[in-house]
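Chains Y and S, in that order, give the protein sequences. Quick note: the first sequence uses my numbering, first residue 103, plus one each step. Quick note: the second sequence uses my numbering, first residue 5, plus one each step.
These are calculated hints, taken from the structure and not from any lab test. Among the clues, some could well be false.
Label pairs and their in silico Cβ distance ranges [what the hints assert, rightly or not]:
hint, chain 1, residue 1, chain 2, residue 2, range
1, Y, TRP579, S, VAL207, 36 to 42 Å
2, S, GLY326, Y, ARG859, 40 to 46 Å
3, S, VAL207, Y, SER840, 46 to 52 Å
4, Y, ALA440, S, HIS290, 32 to 38 Å
Chain S regions said to be covered by chain Y (calculated; three or more residues, Cβ under 8 Å) [said to hold, decoys possible]:
hint, stretch
5, 163-170
6, 279-292
7, 319-330
8, 379-386
9, 422-428
Examples of chain Y residues lying across from chain S (beta carbon under 10 Å, computed) [as the list claims (entries may be wrong)]:
hint, residue
10, GLY145
11, LEU146
12, ASN149
13, GLY407
14, VAL409
15, ARG505
16, ARG509
17, SER513
18, LEU542
19, GLN714
20, ALA722
21, GLY759
22, PRO888
In this text, a Cβ means the ideal position worked out from N, Cα and C, and glycines have one as well.
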Amino acid sequence: MPELAIPDMSLVVLIGSSGSGKSTFAREHFGPFETLSSDFFRGLVSNDENDQASTADAFEALRFVAGKRLDAGLLTVVDATNVQPESRRAFVRLAREHDVLPVAIVLDVPERICVERNESRTDRRFGANVITRQQAQLRRSLKSLGREGFRRVHVLHGVDEIAEASITVEPLLNDRRFEAGPFDVIGDIHGCRSELETLLVRLGYAIEADAAGRPIDASNPDGRRAVFLGDLVDRGPDTPGVLRLVMGMVGNGHALAVPGNHEDKLVKALRGKKVQTSHGLAETLTQLAGESEEFRAQVERFADGLVSHLVLDGGDLVVAHAGLPESYQGRASGRVRAFALYGDTTGETDEYGLPVRYPWAEDYRGSATVLYGHTPTLEAEWVNNTMCLDTGCVFGGKLTALRYPEREVVSVPAERVWYEPVKPLAAPATADAPARAAGLLSIDDVLGKHIVETRTHGRIGVREDYAAGALEVISRWAIDPRWLLYLPPTMSPPSTSGREGLLEHPAEAFAAYRKEGISDLICEEKHMGSRAVVLLTRNAARFDAPEGWRGIVHTRTGRPFFDAQRADEFLARLDAAFENAGLWHELDTDWVMLDAELLPWSLKAGDMIRGQYASVGAAATAALPRAVAALEQAASRGIPVTELLERTRSRESNARGYVHAYRNYSAPADGLEGVQLAPFQVLATEGKTHSDASHRWHLDVADRLAAVEPALVRPTRSLVVNLTDDASVASAIEWWQSLTAEGGEGMVVKPLANLTRTAKGVVQPGIKVRGREYLRIIYGADYTEPENLGRLRDRNLAHKRSMALREYALGLEALDRLVAGEPLWRIHQAVFAVLAMESEPVDPRL
Amino acid sequence: MLLTITYSGPNASDLGYLLHKHPGKVQSFDVSVGEAHVFYPEASDERCTAAVLLEVDPIALVRNKRFGGSDSFSLGHYVNDRPYAASSMLAVAMGKVFRTAMTGRCDARPELVATPIPLEIGLASVPSKGADRLATRLFTPLGWQVEETAIPLDTQFREWGDSRYTNLRLHGTLTLAEALRQLYVLLPVLDDSKHYWVSDDEVAKLLRAGEGWLAEHPDRELITRRYLAHQRTMIADATERLVEVGDVEAASASAGSTAHGTAAPTPLFSLRAEAVLAALRELDAHRVADLGCGEGALLKHLMADPSFTQILGADVSHRALGLAEERLHLRDLSDRQRARVKLIRSSITYLDDRMAGFDAVVLMEVIEHVDLDRLSAVEASVFAHARPGAVIVTTPNSEYNAMYPTLSEGGFRHSDHRFEWSRAEFAEWAQGVCGRNGYSVELRPVGENDPVVGTPTQLALFRRA
């Protein structure tokens, strides 16, 4: 019973004449979508499965679909006669273009049977001579299939063998997803045996030596395994020693290894091929000459058997000597191997005559972490979720390992310069080089429809047209994306109140949380200012900013509040407040991001207050008293205008209330004089977001800042509510009434515990309950008139609520990515998505 | 929202006959935006005052599609002056309430209708946009004595100054019909905001209402233009907003000098496009990308020249791209023509592979719209990432601003400009770019060259080393 082994992710080409049973074979052994049949595609493009005239179009469509499947890494089977070499060649090329292996399965069925089968079918219009010709072509093809590029060729002779055959899909050699670690991934060693031993000991490995005292294995008591990134050999003092130790570890299952370009060359040299022995190979060959023939053979077998790259830990980790772009990961082709071993070059050479390596990591957007070596650098640094661990040990740098999944870098210094580098380890950075590559974003990071995967709210889609709006806002008005690391979410009001004269009331906010099963809430005063995000840092480098930069204060759409000088002055005072309150020390951080209100509102919105609010107020307060006077005069003559007069008097008083409401927002601020910050949440500090800390804790931080710097920091009044206690609820409502009676904006009701999840998902982080008088500047002065209010109660909150939740989750995601040290583009995607949500059309009065 | 008309004279209450509204009643009329009430605060034999009080229903206003409702998502849409101001809506109400009176028909008092009578008109909160004391300027030539009283923005914040509203009192001796027709035309002219009723027959309406006084009015043009406002297309609107002071200067200069019979100078935007095109031809560039193409002013020139075989226009503004597509008639081009031109949405502060592979990239009047501290991102995306054979940058020369009398000291030519550079500043930046990215640069003047301050526009031609 023939068992046909097929590598995973391959392109299987069935070969056999018409009537050889290919479609039946495919149906039995492969899934319904895995097989692409030329007949089916003829039908798709021409409505007729047998229309030979449409063959070219059918194959074009078939190859297109096959390409899409291979892009997605799916096993794909081509069901067509494929008896001519040129038709097979197209599929071999297709497989190579997608870096998968082409496999041929030949169904060799006697001509007689094929003809019989064909004649029994009514839908075939060609004669036996066609089959005769195909059989002859098949026969000629059989010997050359391997040469044509098929990596596996299976030939099934006769009907019985075909009927009995079974298919086994084998994982690719690089597919080691089942290896979950933990790992210690070690960069280029280049014969530095002593440093390797030191590093392994540092990492907790116990080294085992043979009778001659030479290390032959190392194992970790915690079951950790080493992963060697290649370039074990050449240049250094003891290549055989390194090989002996590494081969022992790999052989005993204590380590994995991928080959480097130096191993590749060494294998060729050991096989007696003529190779250049520069770049340290000469030293290796000399050192190996002192070893036994058997050892050399062992080295050759070991180095030759290494797989170019490995996919580990469920696909989350990829190791390759020179790194690997996403489209090559888990694939097999000549160019994948070449990239993994040698990397890519730009075709240029630098001033030392060395090829300039293509900076693939800067464009890397894959989800898997890539660890690699090959290019000596001074320090191991994260670039877009990739890290180069070659820190030039042999050139006098250090030998570096990354502990995975801890992501902790461990290095030991080189004992000496073992090999003089052609160029200095890291060329000094140009003084005024344009913005560092890591700070640059690609248009593909944000344009078009995007899905942002959030920890709190699952996948959030960003519609293309809203992304376009956000792109314009970000490009034209926002601060540098390196510092725009968070945008606050919008907040929903409660369901509309049915109480007389009111649109909003705390009872509805409490009811909403009660329904979610949350009874401990906090009410926070809503300041009459502008939402502000404050990034305050003592470590400018953390944000890729120039030395001495203290941070930034920006609006909810990412615009700066202050010019550079004012921002510096403002942040310097805030820094001092943190210092004096002992918060730097206590939060154990050198930067902090705050969510806050900046007062007065007129600081940002002065033009709007004057141009819109005051302007309308001026028109109203000038016209209405005159109208009242005219009506009173008419009334005194006995004209029946009573009702109209009452209504107009009421409107006059509404207008006064309206003017009073906006006046609350206007306070003179000269420079920073009169400017106050009311922080209400510590968004993030180094390594930590604080979304799970009680709001009481957050407000305590604010209170402590206000205590030491009362002129700059304003505390936020608050009241803790327990919904099971009627007295507590009543006093909260009373508090809201007193806050808003004088035109105060209102309060925000939040779950006391902060970020709260229920079985249904994440809960609204806050509900704003705005005051009756304040709402005049939102809904118009006369909104409280009964005939107006009745119509205004009909407001659609569902969209606003959903937006508030999505923006909240995106903001948290940005913070999580920030504190996890993720690349800028990942943070930017989440921040950008918040802004895109804000482009959604929603009633601005909510 | 309030208009009073007072007639002083013998049998003053005849005003009721002229207006066709009884002085002893209050009458209400439905108008599209609410309700208009007519009543008489006083009606004696010596003096009679009629009042029109318009109650605008703000919610109906918001919800009514005809008034631009339901698709507007700005707050200004909900909180505005319409319920209070003596705006174009009051004129609409007048047209409905006093339709007959405006035609000058009165069967009961036929002789009075044709007689100029002493009238006093009171208007509260008249929005007046533009010129100072515009109401005085518009009503005086018609024989009115005008009292215009400014209304402060907020009595509690005197430093904010006056609002755009005034209380207006007019005295004059005119026929009532004439007075009403003048108000009917001039209220929307003073308001100069959205005329909700502009339709095809507005011109005819204007001619009817303006009969006998408009033709002779010294501000006839202003009145006509404003009354018929908002018939301009969106494109014209946008162009106005995007035009720069320099262009306006040049354009008005050209208008002025043509009147005097001399040759008009070419406007600056044309000179700029010519300079860019000349540089492109000199470079023998065939594949050209115009980054920040806006509405396609330069693309149009590029498309007209077949030597440009591949043309890319990129802009971050959705609106600009839509307008460019329209202005360039891209949809009407043949497939072959269409293949030459591509418009894409992009941003020069992001890296974009689609911008790579061009002979030349043009940044015409673009960099000054980018914050100074974001220029390094532009440099990275254009010079380091796209790396075209050549880059052409134009930007205002701030030294030349001294030549624009309307510009305040240190002011910019356009409100969206983040900076404007002197020649030295531009040169310094250009040299830095060259050093960091391997380009060489040649700086060129564009426009009229003043010996002291140079040309209005400066151009940098970068060539990849």
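So which of those numbered hints doesn't the model satisfy?
As far as the earlier hints go, 3, 6, 9, 10, 11, 12, 13, 14, 15, 16, 17, 21 and 22 are violated by this structure, in ascending order.
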